[in-house]
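Generate the whole structure from the sequences, applying the supplied hints.
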Amino acid sequence: MQDMGFSCCIPCAKPLLNNSQRQKRLIWAKDKKDWTAAEWSKVMFSDESKFCISFGNQGPRVWRKRGEAHNLYCLRSSVKFPQSVMVWGAMSSAGVGPLCFLRSKVNAAIYQKVLEHFMLPAADQLYGDADFIFQQDLAPAHSAKATNTWFKDHGIPVLNWPANSPDLNPIENRWGIVKRKMRYARPKNAEELKATTRATWALITPEQCHRLIDSMPHCCSNSGKRSPN
Numbered sequence: 001m002q003d004m005g006f007s008c009c010i011p012c013a014k015p016l017l018n019n020s021q022r023q024k025r026l027i028w029a030k031d032k033k034d035w036t037a038a039e040w041s042k043v044m045f046s047d048e049s050k051f052c053i054s055f056g057n058q059g060p061r062v063w064r065k066r067g068e069a070h071n072l073y074c075l076r077s078s079v080k081f082p083q084s085v086m087v088w089g090a091m092s093s094a095g096v097g098p099l100c101f102l103r104s105k106v107n108a109a110i111y112q113k114v115l116e117h118f119m120l121p122a123a124d125q126l127y128g129d130a131d132f133i134f135q136q137d138l139a140p141a142h143s144a145k146a147t148n149t150w151f152k153d154h155g156i157p158v159l160n161w162p163a164n165s166p167d168l169n170p171i172e173n174r175w176g177i178v179k180r181k182m183r184y185a186r187p188k189n190a191e192e193l194k195a196t197t198r199a200t201w202a203l204i205t206p207e208q209c210h211r212l213i214d215s216m217p218h219c220c221s222n223s224g225k226r227s228p229n
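In UniProt numbering, the protein residues as written are 1 to 229.
No lab work stands behind these hints: they were computed from the structure.
A portion of the hints provided could be inaccurate.
Stated by the list, open to error - Taking lysine-lysine and the DSSO-like style, the derived pairs with C-alpha atoms no more than 30 Å apart in a straight line are: (1) K105 with K188; (2) K42 with K65; (3) K24 with K152; (4) K113 with K145; (5) K145 with K50; (6) K65 with K24; (7) K24 with K42; (8) K50 with K181; (9) K50 with K105; (10) K145 with K24; (11) K32 with K145; (12) K105 with K181; (13) K145 with K65; (14) K181 with K194; (15) K194 with K113; (16) K65 with K181; (17) K30 with K152; (18) K152 with K33; (19) K65 with K152; (20) K50 with K188; (21) K145 with K105; (22) K30 with K42; (23) K50 with K194; (24) K65 with K188; (25) K24 with K50; (26) K50 with K179; (27) K194 with K65.
Here's what the structure looks like:
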């Protein structure tokens, strides 16, 4: 197999898009293809991610060629593990903001508290008095009428975002790196998990974030596809 150009790899976990979602994602990428790195630097990217006490095994491996990491037959479905905490975070080309650990299912009211107590301080830290655009996915709490009103009341524009496309979000890269580093720490309980997550998140440098944001123009010109691993 190796002589034929294949290597044995762990399959990437990636949401599978239906035809409608693929089309909307392509339209989104074409709409943003002329955005420069400077324009993307005005975007604060946000996301929620699950961090596990027991990271489990990495699943079966697949044989693939270079550039095939995101091909359908090289993927595995995402798996949710028990013993975990949900974390909200944000980043821009200037660095990362503070993490918020979510204790319960996020509805619109809880999400607005996250925005008030974590997103706004992150904006002050990363942008100062400069204008910025906020990015979020299309989770119900994010797209609720009350949440839209909150953004309008605070004068914060929200970037339109294609459905089921976490892989477009540069913060996903940071989540993945943090989780890989945490496999060596092996936290034993929720408090150790939180402390390890905070400490590892704090190691992310502005330079790392800047490089990720700088990749967005290429991503959009590539029809919404990240560069192959």
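Going down the list of hints, with the structure as the test:
1. With a CA separation close to 23 Å, the supplied pair K105 and K188 stays within the 30 Å bound.
2. Taken as a hint, the K42 and K65 pair is broken in the structure, with Cα atoms around 36 Å apart against an allowance of 30 Å.
3. Annotation: proposed proximity of K24 to K152 holds, straight-line Cα distance about 25 Å (limit 30 Å).
4. Among the hinted pairs, K113 with K145 is consistent with the structure: their alpha-carbon atoms are about 15 Å apart, no more than 30 Å.
5. Taken as a hint, the K145 and K50 pair is honoured in the structure, with Cα atoms around 26 Å apart against an allowance of 30 Å.
6. The suggested pairing of K65 with K24 holds, with an alpha-carbon distance near 28 Å, which does not exceed 30 Å.
7. Simply put, K24 and K42 have alpha-carbon atoms about 23 Å apart, close enough for the 30 Å limit, and the pair holds.
8. For the given pair, K50 sits about 15 Å from K181 by alpha-carbon distance, which is consistent with the 30 Å threshold.
9. A distance of roughly 12 Å separates the Cα atoms of K50 and K105; the hinted pair therefore holds under the 30 Å criterion.
10. Among the hinted pairs, K145 with K24 is consistent with the structure: their alpha-carbon atoms are about 22 Å apart, no more than 30 Å.
11. Of the pairs offered as hints, the one joining K32 and K145 holds, with about 25 Å between alpha carbons and a cut-off of 30 Å not exceeded.
12. In summary, the hint linking K105 to K181 is supported, as the alpha carbons are separated by about 27 Å, within the 30 Å threshold.
13. Under the criterion of a C-alpha separation no larger than 30 Å, the hint pairing K145 with K65 is inconsistent with the structure, at around 45 Å.
14. The hinted pair formed by K181 and K194 meets the criterion: a straight-line CA distance of about 14 Å does not exceed 30 Å.
15. Pair hint K194 plus K113 holds up; C-alpha atoms about 20 Å apart against a cutoff of 30 Å.
16. The straight-line distance between the Cα atoms of K65 and K181 is roughly 26 Å, inside the 30 Å bound, and the hint therefore holds.
17. Between K30 and K152 the alpha-carbon distance is near 27 Å, which keeps this suggested pair within the 30 Å criterion.
18. Pair hint K152 plus K33 holds up; C-alpha atoms about 26 Å apart against a cutoff of 30 Å.
19. Restraint check for K65 and K152: not satisfied, since their Cα atoms lie roughly 47 Å apart, outside the 30 Å limit.
20. Our distance criterion of 30 Å between C-alpha atoms is met by K50 and K188, whose separation comes to about 16 Å.
21. Between the alpha carbons of K145 and K105 the distance comes to roughly 18 Å, so the proposed pair stays at or under 30 Å and holds.
22. Simply put, K30 and K42 have alpha-carbon atoms about 19 Å apart, close enough for the 30 Å limit, and the pair holds.
23. Between K50 and K194 the alpha-carbon distance is near 11 Å, which keeps this suggested pair within the 30 Å criterion.
24. At roughly 37 Å between alpha-carbon atoms, K65 and K188 are farther apart than 30 Å, so this suggested pair is violated.
25. With a C-alpha separation of about 27 Å, the suggested pairing of K24 with K50 holds against the 30 Å cut-off.
26. Between the alpha carbons of K50 and K179 the distance comes to roughly 10 Å, so the proposed pair stays at or under 30 Å and holds.
27. Among the hinted pairs, K194 with K65 is inconsistent with the structure: their alpha-carbon atoms are about 37 Å apart, more than 30 Å.
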